[in-house]
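Visitor: Whole structure, please, built from the sequences with the hints as guidance.
Residue numbers (my numbering), protein chains in the order written: chain A, 1 to 500; chain B, 1 to 170.
Everything labelled a hint here was simulated from the structure, so no lab data went into it.
Be a bit skeptical, because a hint or two may be false.
Using 25 Å as the maximum straight-line C-alpha spacing, the simulated SDA-like pairs for lysine to any residue come out as follows [unchecked claim]:
| hint | chain 1 | residue 1 | chain 2 | residue 2 |
| --- | --- | --- | --- | --- |
| 1 | A | K230 | B | F147 |
| 2 | A | K384 | B | F147 |
| 3 | A | K55 | A | L22 |
| 4 | B | K48 | A | K230 |
Single-letter residue listing:
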Amino acid sequence: MSETFGALLSGFAVALTPINLLWGLVGVTLGTAVGVLPGVGPALTVAMLLPLTVKLDPTGALIMFAGIYYGAMYGGSTTTILLNTPGESASIATALEGNRMARRGRAGPALATSAIGSFVAGSIATVLLTLLAPLVVEVALRFGPAEYFSLMVFAFVTVAAVLGSSTVRGLTALFLGLLLGLVGIDEQTGQMRFAFGVPELLDGIDVVVLAVGLFAVGEALYVAAYESRKREAMERISGSLWMTRDDWRRSWPAWLRATAIGFPFGTIPAGGAEIPTFLSYATEKKLSKHPEEFGNGAIEGVAGPEAANNAAATGVLVPLLTLGIPTSATAAILLAAFQNYGIQPGPLLFQTQGALVWGLIASLYVGNVLLLVLNLPLIGLWVKVLAIPRPLLYGGILVFATLGAYSLHQSVVDLATLYVFGLLGFLMRRWGFPVAPAVIGLILGPLAEAQFRRALAISQGDPGVFFTQPISAGLLALTALLIALPWTVRLVRRLRGRRR
Amino acid sequence: MPPGLAGARAERVLSLGVLALGIVAAALAWQLPEGGGYARIGPNFVPKLVAAGLILLGLWLLVETFTGGWRSRVPDDPGQRGEHAFVPAAFLWVSAGLLAQMALIHTGGFVLAAAALFACVARGFGSRRWARDLAAGLALGLAVFAFFVHFLNVNLPAGWLRALLGAAGT
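Guide: Structural data, given as C-alpha cells:
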C-alpha cells in the first residue's frame with residue numbers, strides 16, 4: 001500500500017512538471033473541442049488526434065492522450081445535452097433526460113451536474129484504479145501464455161457475443177477484425193499473409209485506419225445519406241448555469257451510486273460504458289422521489305449516467321494498463337497509441353516503465369481537475385463549436401480523418417483502404433453490426449495468436465495446456481458459460497412454456 | 001440503398017458476402033506453409049481458424065434469413081429509425097470527395113486535395129455554396145499543411161502549389 005502511495009507520488013512528480021502539465025492541458029482542451037463535434041465519439045477523437053503526438057516523448061504523448069480521452073467524454077456530454085444526438089451508445093441515457101432539461105430551459109444545471117458528476121466519478125474511479133492496478137499486476141505477473149490466451153478469448157466473447165443485440169452479428173464483426181489483424185508479416189516466421197504483395201499491407205492494417213474508416217468515413221457516408229437533410233434544433237442555454245440547492249441534493253447520491261456501478265463494469269471486459277449508464281439510469285429512476293419527472297428532464301437521470309460513463313471509462317484503464325487488454329473501441333486505439341511508441345501495456349510495464357505508468361495515472365487526477373476548471377467557464381465556446389454548419393463540419397472531419405491515414409506511409413493505398421473501411425462501416429451501421437468488436441479483434445487478434453502459439457510451443461504442441469492450468473481452464477469455462485447461459489435460459493423457458 | 005436492396009434480399013446478399021469472404025480466406029490460408037516448430041502449428045493455423053469461423057457465421061446469417069430474417073434487425077424503413085430516405089446523391093458526393101482526394105494528392109498536392117474533398121463532402125451534406133466551401137477547404141488545408149510540415153516535421157506533398165508553399169513538402 002505504502003509502496004503504491006510512493007509510486008503515485010513519483011507519478012505526480014512526472015505529471016506536474018510544467019511541460020507534462022502543458023501536454024495534459026492541450027490534451028483535455030483538444031479532446032473536449034473535438035469531442036463536442038456532433039457525430040464524433042471518444043474513439044474517433046482519440047484516433048484523429050493520434051498523429052499530433054508524433055513529436056512528443058512517450059510520457060508526454062500518453063499524458064496528452066489521457067487528457068484527450070477524458071476531454072472527449074466531457075465534450076460528448078455537452079453535445080448530447082444541447083443537441084440530442086448521442087455521439088456514442090453510452091450517451092443515450094443522458095440524451096433521454098439531459099436534452100429534456102435543456103428544452104425546459106435548464107441546460108445550465110444539466111451541463112453542471114454532468115461536469116461535476118464526471119469529475120467526482122472520474123476522481124473516485126482514479127483512486128480505485130490506483131489501488132486496484134497493483135493488485136491486478138500481482139496476479140497478472142503469474143500469468144503465462146496459456147492464461148493470457150484464455151483471458152483474451154474471454155474478452156472477445158463478452159465484447160462480441162454477450163453484449164450487443166445480436167450474437168451472430170457481433171461475432172461476425174469480431175471475425176472481420178481478426179481476419180484484418182492477420183494481414184501482413186507473421187512475426188514468428190516472417191511468412192506473408194493476406195497481403196497480396198502490397199508493401200503498405202506488409203506491416204499490417206493500422207488500427208487507426210480501421211477505426212477512422214469505420215467511425216469517420218462510414219459515419220459521414222451514413223449521415224450524409226440518411227440524416228443530412230434533417231433539420232436539427234440546438235437548445236439554447238438560458239438561465240443560470242448553477243445548480244440549485246435541490247439540484248445538488250438530488251445529484252450527489254446519484255454520482256456516488258453511478259461510480260459504484262460504472263467502475264466495476266469498466267474493469268471487466270463488458271464493452272465499456274454502455275451497460276453501466278443504462279443500469280445507473282434504471283437505478284436512479286427506481287430510487288427517485290420524483291419518478292414522474294423521468295422522461296421530462298429529471299436531474300438524477302443526467303447525474304447518474306454521466307458519472308457512470310466516466311467511472312467506467314476509468315475502469316477500462318485497469319485491464320488496459322495491467323493486462324494489455326482493451327475492452328472498448330477507445331481503449332483499442334489507446335493501445336495502438338502505446339504500441340506506436342513500442343510500449344506493450346501489461347504487468348511488466350509497471351516494473352520496467354514505472355515512471356511512465358504512474359505519471360499517466362497521476363495525470364488522470366490532474367486531467368479531471370483541469371476539465372472541471374476548463375469546462376464550465378468555456379461552455380460558451382463549446383456552444384459555438386456546436387453551431388458549425390454540418391456541411392463544413394463533416395468536410396473538416398474527413399480532412400483530418402484522411403490526414404491521419406495518409407501520414408502513416410504517405411501513400412494513396414492507405415486512403416483507398418480507408419474508403420473501403422468506410423463502405424464497410426456504412427454497411428455495418430445500416431444492418432446493425434457492432435463496430436467495436438472489429439476494432440478490438442484487429443488489435444487483440446495478433447496478440448492472442450502470439451500467446452496461443454507461445455503456449456503451444458512450451459507444451460510441445462499439446463493443446464491440453466489451456467484446459468489443465470486452473471486459471472486458464474476457469475476462464476475458458478466462464479467463457480463457455482457466458483455463451484451457453486442465454487441459450488439455456490431460452491431453452492428452459494420454452495420447455496416450461498410447453499408444459500403449461 | 002437502391003429500393004430493391006432491402007429486407008430479406010439485402011440480408012441474403014450480405015450473408016453470402018460473409019460466406020464468400022470466409023471461403024476466399026480459407027483458400028488463401030490453405031496455401032500458407034505449415035512450418036510448425038515446437039508449437040506444431042505454423043503461420044497457417046490461426047488463418048484457417050478465422051476463415052472457418054467466417055464461413056460458419058456466414059452460414060448462420062444465411063440460415064437466419066430463411067427463418068424469419070436476422071434477429072433483432074434494424075428497421076428497413078428510415079422513418080422508423082428517425083431518418084429520411086436514402087439520398088443517393090449525398091452518398092455519391094462524399095465518395096467522390098474521397099476519390100478526388102486520392103487522385104489529386106500526389107499531383108495537385110495535399111492542400112488542393114483537401115480543398116476538393118472538403119467541397120465535395122459539404123456538397124454531399126446539402127451545401128450549395130461552392131465558393132465558400134472551396135475557400136474554407138483551402139484555408140483548412142493550408143493551416144493543416146503549415147502545422148504538420150513546419151511544426152511537426154511531417155512531410156506532406158506540396159504538389160502544384162510548391163512554388164507558393166516552399167520546398168518543405170515532398
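Visitor: Does each hint hold? Answer for all of them.
Guide: Evaluated hints:
1. A hinted pair counts as satisfied when its Cα atoms are at most 25 Å apart, and K230 of chain A with F147 of chain B does not qualify at roughly 35 Å.
2. Restraint check for K384 of chain A and F147 of chain B: satisfied, since their Cα atoms lie roughly 23 Å apart, inside the 25 Å limit.
3. Proposed proximity of K55 of chain A and L22 of chain A is supported: the alpha carbons are some 15 Å apart, at most 25 Å.
4. Only pairs whose Cα atoms come within 25 Å are accepted, and K48 of chain B paired with K230 of chain A is rejected, the gap being roughly 46 Å.
The structure shown violates the earlier hints numbered 1, 4.
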